[in-house]
Amino acid sequence: MATSYQQDDSLDSTAEFTDNVESRETLGKVFEVLFLLGLLIGLFVLALLLFDIFRDGLGRFLSPGFLTETPSRFPDQGGIRPAIISSVLLGSVVILVTVPIGVGAALYLEEYAPKVWWTAIIEINISNLAGVPSIVYGLLGLGVFNYLLGFGPALISGALTLSLLSLPVIIVTAREAIRAVPDSLRNASYGLGVTKWRTISSHVLPYAVPGILTGVIISVSRAIGDAASLIVVGAVGFLTFDPGLFQRFMALPIQIYSYITRPEPGFASAAAATIIALLVLILALNGVAIYIRQRFSIR
Amino acid sequence: MQNTNYQDDPYLLSRQSLDKNASEDISEKIVAAILFACALVSVLTTFGIVLIIFQETFSFFQEVSFAQFFLDTKWTPLFANKHFGVWPLINGTLLTTAIAMAVAIPLGLSSAIYLSEYAQPKVAAILRPAVELLAGIPTVVYGYFALLFLTPLLRNLMPLEIFNALSAGLMMGIMITPTVGSISLDAIKAVPRSLREGAYALGITKLEAIFKVVLPAALSGIIASIILGISRAVGETMTVLIAAGQQPRLTVNFMESVETMTAYMAQISGGDSPRGSLNFKTLYAVGAVLFILTLALNIVSYWVANRFKEKYD
Numbered sequence: 001m002a003t004s005y006q007q008d009d010s011l012d013s014t015a016e017f018t019d020n021v022e023s024r025e026t027l028g029k030v031f032e033v034l035f036l037l038g039l040l041i042g043l044f045v046l047a048l049l050l051f052d053i054f055r056d057g058l059g060r061f062l063s064p065g066f067l068t069e070t071p072s073r074f075p076d077q078g079g080i081r082p083a084i085i086s087s088v089l090l091g092s093v094v095i096l097v098t099v100p101i102g103v104g105a106a107l108y109l110e111e112y113a114p115k116v117w118w119t120a121i122i123e124i125n126i127s128n129l130a131g132v133p134s135i136v137y138g139l140l141g142l143g144v145f146n147y148l149l150g151f152g153p154a155l156i157s158g159a160l161t162l163s164l165l166s167l168p169v170i171i172v173t174a175r176e177a178i179r180a181v182p183d184s185l186r187n188a189s190y191g192l193g194v195t196k197w198r199t200i201s202s203h204v205l206p207y208a209v210p211g212i213l214t215g216v217i218i219s220v221s222r223a224i225g226d227a228a229s230l231i232v233v234g235a236v237g238f239l240t241f242d243p244g245l246f247q248r249f250m251a252l253p254i255q256i257y258s259y260i261t262r263p264e265p266g267f268a269s270a271a272a273a274t275i276i277a278l279l280v281l282i283l284a285l286n287g288v289a290i291y292i293r294q295r296f297s298i299r
Numbered sequence: 001m002q003n004t005n006y007q008d009d010p011y012l013l014s015r016q017s018l019d020k021n022a023s024e025d026i027s028e029k030i031v032a033a034i035l036f037a038c039a040l041v042s043v044l045t046t047f048g049i050v051l052i053i054f055q056e057t058f059s060f061f062q063e064v065s066f067a068q069f070f071l072d073t074k075w076t077p078l079f080a081n082k083h084f085g086v087w088p089l090i091n092g093t094l095l096t097t098a099i100a101m102a103v104a105i106p107l108g109l110s111s112a113i114y115l116s117e118y119a120q121p122k123v124a125a126i127l128r129p130a131v132e133l134l135a136g137i138p139t140v141v142y143g144y145f146a147l148l149f150l151t152p153l154l155r156n157l158m159p160l161e162i163f164n165a166l167s168a169g170l171m172m173g174i175m176i177t178p179t180v181g182s183i184s185l186d187a188i189k190a191v192p193r194s195l196r197e198g199a200y201a202l203g204i205t206k207l208e209a210i211f212k213v214v215l216p217a218a219l220s221g222i223i224a225s226i227i228l229g230i231s232r233a234v235g236e237t238m239t240v241l242i243a244a245g246q247q248p249r250l251t252v253n254f255m256e257s258v259e260t261m262t263a264y265m266a267q268i269s270g271g272d273s274p275r276g277s278l279n280f281k282t283l284y285a286v287g288a289v290l291f292i293l294t295l296a297l298n299i300v301s302y303w304v305a306n307r308f309k310e311k312y313d
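Going down the list, the protein sequences come from chains Z and H.
So in the working numbering, the last spot in the first sequence is 299, and the numbers never skip.
So in the working numbering, the last spot in the second sequence is 313, and the numbers never skip.
This is chain H alone, in the form it adopts within the complex (with noise of 0.2 Å):
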C-alpha cells in the first residue's frame, strides 16, 4: 500500500529517497572514521613503545653516562659494585644468535631447496606445514627441551655447564628454521621456470642449475629471510632465559653460561624492581637496544627484499 502511496506521488518518493541518501551519507562517514580509526591503532602502538622506551632511557642516561653504558666491559648493576657496560649482554645476544643462524640457514636453505626442486607437489603439500609447526611450538617449549634434553646429552659428549650458550642457540635455531625456510622456499618459487629449462637446456645438471641459476636469482628473497632469523633470534626470550642462564659474559666460548638481553630483561622485570629505581631504568635501557637492532634488522630485510627483487616480466 504505502509502496503505491509513493509511486502516486512524485514528491514523496524523492523525498524519500533523499533523506535516505543524507542519512546514509552520515553514517557512511561515521563507518569510515571508525575503520580509520582501528588502522590507526597500529601507529598509537609503535608512538607508544617510542615514547615509553625513550622516557626511561632518557631517565636512565641521566644516572648512567654514555660512555659508561657503552665503554664499561661489566654487567653488574644488581651488585653493590655497579658497572653498567651492556657489551656482555650484546656478546651473549650474538653468540646465541651466531648458533642459531648455523642451524637455521643450512636447515631452512635445504628444506626450501628440497621443497621446491625435489618434492613431488604432493609430498611438499604435506611436508611444508609439517616443518612449519616448529614456528608454532611455544618458544619455552624449546627452552624445557633445550635444558633437559639437550644440555644433558651434549654434556656426555663435551663439558658444558649446565646453562650454557650451545643448547640455547642450537635449539633457537630449530625454531628459526622455517622462518628462513618459507621466506626463502616464495623466493625460490619466483624464479620463473625458463630460467631453469635455459640452464638444462646447456647441458648443467640439476644442482648446477640449483647453486649457479636458481639461487644466485633468489637471492635477495634468501638474503631477506636470512636476516628477518637474526632479528628473530635477537629478540627471543625464552629459550635463551631457560637454557642459556644469567651470567653476563664477554666470551665466545659456547660451552659456558651467559646472559642476553631479552633474558637480562626478563629476569629484572616482574615487579621486583619499583618504578623509577635505577634497576627498573636498566630494563628500559636494554630494550632500546634490543628495539633499535631488531628495528635496523627488520628494515634491512624489508629493503632487500623490495631493492633487489629481480624482475622476470
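Okay, chain Z solo, but in the shape it has when bound (with noise of 0.2 Å):
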C-alpha cells in the first residue's frame, strides 16, 4: 500500500512539474516586471516632485532679489534671505557641536570603552535616540535651552536642538569609520611605544577622516532639512532681519511652510522657489560628502 502511493505521489508531481513549468516561469516574468515597477514607482514619484517643483519655483527662484532679500506680505516680491542665514548658522553650529561630542564619543565607545554592562547600555541608548522623532527633540530643546538655560527662542537654542538630533547619527557612522580601521595600524604604533591617545591622533582618525566626515555631512543635511523640531522651540515664519546666535531666527523649511500655509495662491510658487534654495543647499553638502569620500578613502 504505501510504496504504491509513493509511486502514485512521485508519477504524479513528475507529471505536474512538466506541465506546469512554462507558466510558472511565465508568473516568474510577471513577478519580475512588478518588482522593476515597484522600485521605477517611488523613483518616478522622485522625478515628478522635483519636476513639479521647478516647474513652479524656477521662475520666482532666478526672479531678482528672492536670495538678497527680507521676506515680503506680498507674494511675487520679497526674498529669503534671513531664512539662509539662519540654516547656515543652524548648520555651521550643528557641525561645531557635534563633530568633537560625536567623534569624541565614538572614539570612546571604539577605542576605550570596557565590555561592561553599562557600555552596553550607552551602546543601546544611542541607537534609541536615533529612533526619537524630531518633534520629540523640540520638546526638549524647549525645557532645557529655551527655560532652563534661559536662551528663549533663539536660533542658538534651535542649533543646540539639532545638535543633539544629529549626534546619534554622527556617532553610529564614526564608530563604523573608526572600526574599519585595520588592528595592524594600532599595533604597529603600540609596537614602537607610542601612547593609547597619540596612536589614535596621528594614526587611527586621520584615517577615519573620510568616513566620518561623510557621517557629519549626511546627518548636517538632514539637521538643516528639519523643521518639526524647531517649530516646537520657536521659530519664526517671518523675518525682516538677519539672525543672530541669541535673536528669533528662521529656517529654509521654516520658510517653505510658512510660505505653504498662505492662502494667497501667489506663495506657493515663493514655497517652491524657497524649496528649490533648500535642495540646492543638500545637494551641495551631499556633493562635498561624495567628494570627500572619493578623494580621501585609502582602500
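Simulated from the structure, these hints should not be mistaken for lab results.
Residues from chain Z shown here face chain H by an in silico Cβ test under 8 Å; the list is partial: (1) Arg-24; (2) Glu-25; (3) Leu-34; (4) Ile-41; (5) Tyr-108; (6) Asn-128; (7) Leu-140; (8) Gly-143; (9) Ile-171; (10) Thr-195; (11) Lys-196; (12) Ser-221; (13) Ala-271; (14) Ile-282.
Quick reminder that beta carbons are idealized off the backbone N, C-alpha and C, glycines included.
The task is to assemble the complex, starting from two chains supplied on their own in separate frames and drawing on the hints.
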C-alpha cells in the first residue's frame, strides 16, 4: 500500500512539474516586472516631485532679489535672505557642536569602553535615540535651552536642539569609520612605544576621517531639512532682519512651511522657489560628502 | 648634543623617560575622561527627554484625569468646552500611518527584491542610492507635494477634502519606502547563496525560490524594517501637518481631514501658549504618548531583528 502511494505521488508530481514549468516561469516573469515597477514608482514620484517644484518655483527662484531680500507680505516680492542665513548658521553650530562630541563618543566606545553592562546601555541608548521623532527633540530643546538655560526662542536654542538630534547618527557612522581602521595600524604604533591617545590622534583618526566626514555631512543635511523640532523651539515664519545667535530665527524649511500655509496662490511658487534653494544647499553638501569619500578614501 | 648627554648619564636618561611617562599617564587619563564625557551626552539626552516630558505630563494629569484623557472621545483643548480625549489624535496618527505603510511595504519590499535578486550589480549600484534619495528629501517638501500636487490630482477622482488623510499618507509612504527597502535589502542579501542554489537544484523557479526560501529566511529583518517604518510614520510631522489638516476626528474615512499627534504638537507650540498653562501641558502629554509609542516600536524592531536572526554559520 505504502509503496504504491509513493509511486503515485512521484508520478503525479513529475507530470505536474513538466506541465507547469512554463506557466510557472511566466508567472516569474510577471512578478519580475511587478518588482521592477515597485522600484520605479518611487523614482518616478521623485522625478515628478522635482519636475513639479522646478516648474512652480524656478521663475520665482531666478527673480531678482529672491535670495538677497527679506520676506515680504506680497507673494511676488521679497526674498529668503534671513532664512538662508539662519540655516547656514544653524548648520555651522551643529557641525561645531556635534563633530567633537560625536567623534569623542565614537572613539570612547570603539577604543576605550570596557565590555561591561553600562557601556552596553550607552550603546543601546544611542540606537534608541536615533529613532526618537524630531518633534520630541523639540520638546527637549524647549525645556532645556529655552527655559532651563534661558536662551528663549533664539537661534542658539534651535541649533543646540538640532545638534542633539544629529548626534546619534554621527556617533554611529563615526564608529563604523573607526572600526574599519585595521588593527595592524594600531599595533605597529603601540609596538614603537607610542601611547594610546597618540596612536589614536596620529594614526586612527586620520585614517577614519573620510568616513567620519561623510557621516557628519549626511546628518547635517538632515538637520538643515528638519522643521518639526524648530517649530516647537519657536522658529518664526517671518523675519525682517538677519538673525544672530541669540535672536529670533527662521530656517529654510520653516520659511517653506510659512509660505505653504498662506492662502494667496502666489505664495505656492515662493514655497517652491525656497524648496529649490533648500535642495541646492543639501545637494551641495552631499556633493562635498561624495567628493571627500572619493578623494580621501584609502583602499 | 643633548642626546649624547643623556646617553652618557644613565640616571638622567631614566629620569627623563620616567617623567615623560608620568605626565603622559595623566594626560592619557584626562583624554579618556573627556571622551567618556562625550559618550555620556547621549545618556544625558535621554534623561533630559524623559525628565522634561514626564514632569510636565505629571503636572498635566494633576489637572486632567486619566479617564478624561483615555476615555473621552473628543479632543478640544482649545475650545471653551474643553475635552481631553486623546483617541482622535491617535486615530489620525494610525490612519495616516496605515495608508503610508500600505504604500511603503509593497514598494520597499519589491525594491529590495529587485535590487537583490534581479538587478545586475552595476545597475543596483546606481538604483539603490537613487531610491535612498527619497529619504534625504526634507519632509516639508513632501508636505508641499501632497497638498499642492497630489491632492488636486486625486480630487478629480474622488470627493476629497482639501486637507485629507489620503494624500498625506500616500506621500509619507513614498518617503518611508527607503527605510523599509534598505533594511529589507540587507536582510535579503544576508541569506546565503547556498540556500537559493539548493532550492534551484530541486527544480524550483526563481520566483518560487524568492517566496518560499529567500523571504522566509529574511523574515526577521523584513519585519524589523516594517516596524521601524511604522515608527517613522508615527513620528513624522511636517507632511501630516501640511496635508492632513487639523481636525481631530475619530474616523476611518481617509477622504476627510484628520489631526495626528505630531500635527497637534506643532500646532500648539511655537510660543503661543505660555509656559505653565494647560495648553502648554497638553503639548507634553501628547508628546509623552508619542514618545512611548515610538520607543516601544523601536525596541520591538531591535528585538525582532536580533531575536529571530537566522544563524547560517
